[in-house]
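Undergrad: Produce the entire structure from the sequences given, and follow the hints as far as they go.
Residues per chain are reported as follows:
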Amino acid sequence: MIRCPACGAENLPNSLFCEECGEPLIHEEKLMVKLVSLTEGWKIEMPLEGEVIIGRADPATGFKPHLDLSDKGGVEKGVSRRHLRLFRQGNKVYVEDLGSSNGSFINNRRLLPFSPEPLASGDEVRLGGEILKIYLEG
Amino acid sequence: MGEEFRPDYYQLLEVSPFASQEEIESAYRRLVKEYHPDVLRAFKTAFLFRQLQEAYEVLRDPERRRRYDEWLRAKGLYPEKAFWANVLLSQRALRPLPEPQAWYVLFTIHAEKDHAIPPKPLNLCLVIDTSTSMKGPKLESALKASELVLRNLKEEDALALVTFNDRATVILPLARRHDPRKASSLLRKVKAEGGTEMSYGISSGLAELLKAGNLWESINYMLLLTDGETYGDEEECVRLAREAGAKGISIAAVGLGTDWNEELMEAIAQASGGVSLYIPHHKELPKTFQERVGALMGAVSAFKGKLELGEGINLKGLFRLDPQVSRVAMEGGTFFLGPFSGSIRLLAELVIPPLPAGHHPALRWEFGDLKGELAARGEVYLTIAEGVEGERIPKEILAAAGQVAIFKLREKAWKEIRGGERGKASQRLLFLAKQLEKAGEKDLALLAKEEAKFLPATGDLSAEGRKRLYYGTRLLALKPPEEG
Chain B
1 MIRCPACGAE
11 NLPNSLFCEE
21 CGEPLIHEEK
31 LMVKLVSLTE
41 GWKIEMPLEG
51 EVIIGRADPA
61 TGFKPHLDLS
71 DKGGVEKGVS
81 RRHLRLFRQG
91 NKVYVEDLGS
101 SNGSFINNRR
111 LLPFSPEPLA
121 SGDEVRLGGE
131 ILKIYLEG
Chain Y
1 MGEEFRPDYY
11 QLLEVSPFAS
21 QEEIESAYRR
31 LVKEYHPDVL
41 RAFKTAFLFR
51 QLQEAYEVLR
61 DPERRRRYDE
71 WLRAKGLYPE
81 KAFWANVLLS
91 QRALRPLPEP
101 QAWYVLFTIH
111 AEKDHAIPPK
121 PLNLCLVIDT
131 STSMKGPKLE
141 SALKASELVL
151 RNLKEEDALA
161 LVTFNDRATV
171 ILPLARRHDP
181 RKASSLLRKV
191 KAEGGTEMSY
201 GISSGLAELL
211 KAGNLWESIN
221 YMLLLTDGET
231 YGDEEECVRL
241 AREAGAKGIS
251 IAAVGLGTDW
261 NEELMEAIAQ
271 ASGGVSLYIP
281 HHKELPKTFQ
291 ERVGALMGAV
301 SAFKGKLELG
311 EGINLKGLFR
321 LDPQVSRVAM
331 EGGTFFLGPF
341 SGSIRLLAEL
351 VIPPLPAGHH
361 PALRWEFGDL
371 KGELAARGEV
381 YLTIAEGVEG
391 ERIPKEILAA
401 AGQVAIFKLR
411 EKAWKEIRGG
421 ERGKASQRLL
431 FLAKQLEKAG
441 EKDLALLAKE
451 EAKFLPATGD
461 LSAEGRKRLY
471 YGTRLLALKP
481 PEEG
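Top line first, the protein sequences correspond to chains B and Y. The opening position of the first sequence corresponds to residue 1 in the working numbering, with each subsequent residue numbered one higher. The opening position of the second sequence corresponds to residue 1 in the working numbering, with each subsequent residue numbered one higher.
Warning: the hint list may mix true and false statements.
Pairs of lysine-lysine, BS3-like flavour, derived with a Cα cap of 30 Å [as the list claims (entries may be wrong)]:
hint: 1; chain 1: B; residue 1: 43; chain 2: Y; residue 2: 33
hint: 2; chain 1: Y; residue 1: 306; chain 2: Y; residue 2: 316
hint: 3; chain 1: B; residue 1: 133; chain 2: Y; residue 2: 33
hint: 4; chain 1: Y; residue 1: 449; chain 2: Y; residue 2: 316
hint: 5; chain 1: Y; residue 1: 33; chain 2: B; residue 2: 72
hint: 6; chain 1: Y; residue 1: 395; chain 2: B; residue 2: 34
Just so you know, these hints were derived from the structure itself, not from any lab.
TA: Written out as structure tokens, the structure is:
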């Protein structure tokens, strides 16, 4: 069951509107996140609906992050397999270091591992030696 | 249900089998952007992308498309006639869950644009309430509206007029080309007196319409007008309406003023594949009658539909969205849709039981005329797969489900009022007000709030508020879906 954020009623998973109060149960507006690598020059755009994990794929365990930096110089730059995640909660987007070896920084300030901080469009986020500029587009 | 799974390529590309190469091309381009593995963040959904590619590979190649169409034809799933129902799913794949989950299917029944089916002549009966309460300007307007309808019919159209109070009277027996002067003088003699026994009116109206003989060759329609409540024969009215529907006769149940039973009028409409309408003031009658009849002019046939569910799959509700939101009355999986013209959207809300990964037959559908000459049918499979998430919900489904959500809130409030649950009903109206406000319906939202305020004390809605909310909340559907 899923709980309606407005009235607390329980609804079947994947319900689109609350049976009790008619409130929408899914994010209607899509949020796009654009990542620009300041060190490598690549750009990528993806929707942010739940979370986006940034890191490196691990063939041994079958783990694949949503954004895989393996072939984008991730190893050389000290990017961990599970390095950082972006996620959406309500209307806000947060960034969280996932206990990476070389740490994460937001606008040159170190992120404490596993303590999410709000992210604003245009913030600079560093994963080890990789610097990303992150834009949010509604 | 189907023996082997083969994806429905047209459904995958969200086009109909009539789609041109250009339409297929542009549908693929649009969808491929959404389902590309780089975009769809869930990393196990690559198969959705591969399915799209497969569909495109087959349908872009005229020879492969022809062979695929042959295969559909052999299964009886290719439209031989000029209409089709496009099928849109809320999600192309669901995760296996240990508990039931919701799934939505939107049908858009539409005629192929380049293959117009010739419209049929009208077989029309006006059934007018002449109880005492209709006396004066109301009856005058109703008769004026009837005369207008008569004068605007085409030569091949047939018309009858029946009045009812404690009994039914045939004023104009079913005929083509009534003499307008003679008809006028007959109408002028109609008086209003006595009670309201609606089933007599419906029954007599049906008898007139059945005189047409071959109902398959015409569009058969009853315009039923009342301003009051019928007593004791409600069930008989609905039974007659269903009988009418089965014969290809639909009923537009029109209520004038505020003293009639909207739930009965809606039940009559749904049982026969018609519509129910609320006319606050008698001055609007001529316009309403004209519009109703005008809407029938291009109709091709009375349509029906049939849904068959896969094992373990439950239909929570089936809703019609055009011309207004209504809950479709189904009997044994079959329902009547009335005269078909333009397009009709239907939203099926399904409950999916816990199922293992794989492709499961979910729904078999069929739409067509009552005669069985025009028919389109198809199968909908449900894909259950691990790790699928982040799929976009098509905006057409969100719009339809949003309208249905408002309709259901109103429906629940009525049920609670009937059951004497004042507090619950009042709260429900406040929920309704909030959603109406969000939908930009400020006046209706205010009305719902006002009614919610008085409901705990009075236990009922005001007569006018009742009608305005009942009909106002369903007509939101008249707004065209957002562009984009």
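Undergrad: Given the hint that residue 43(B) pairs with residue 33(Y), test it: the Cα-Cα distance must not exceed 30 Å.
TA: 16 Å, holds
Undergrad: Has the given pair, residue 133(B) with residue 33(Y), been kept, meaning a C-alpha gap of at most 30 Å?
TA: 23 Å, holds
Undergrad: Does residue 316(Y) sit within 30 Å of residue 306(Y), going by the straight-line distance between their CA atoms?
TA: Holds, because 15 Å separates the two Cα atoms, which is no more than 30 Å.
Undergrad: Given the hint that residue 449(Y) pairs with residue 316(Y), test it: the Cα-Cα distance must not exceed 30 Å.
TA: Roughly 28 Å separates the two Cα atoms, so the pair holds.
Undergrad: CA of residue 395(Y) to CA of residue 34(B), is that 30 Å or under?
TA: It holds: about 23 Å lies between the C-alpha atoms, which stays within 30 Å.
Undergrad: Between residue 33(Y) and residue 72(B), does the CA-CA distance stay at or below 30 Å?
TA: 22 Å, holds
The earlier numbered hints are all upheld by this structure, with none contradicted.
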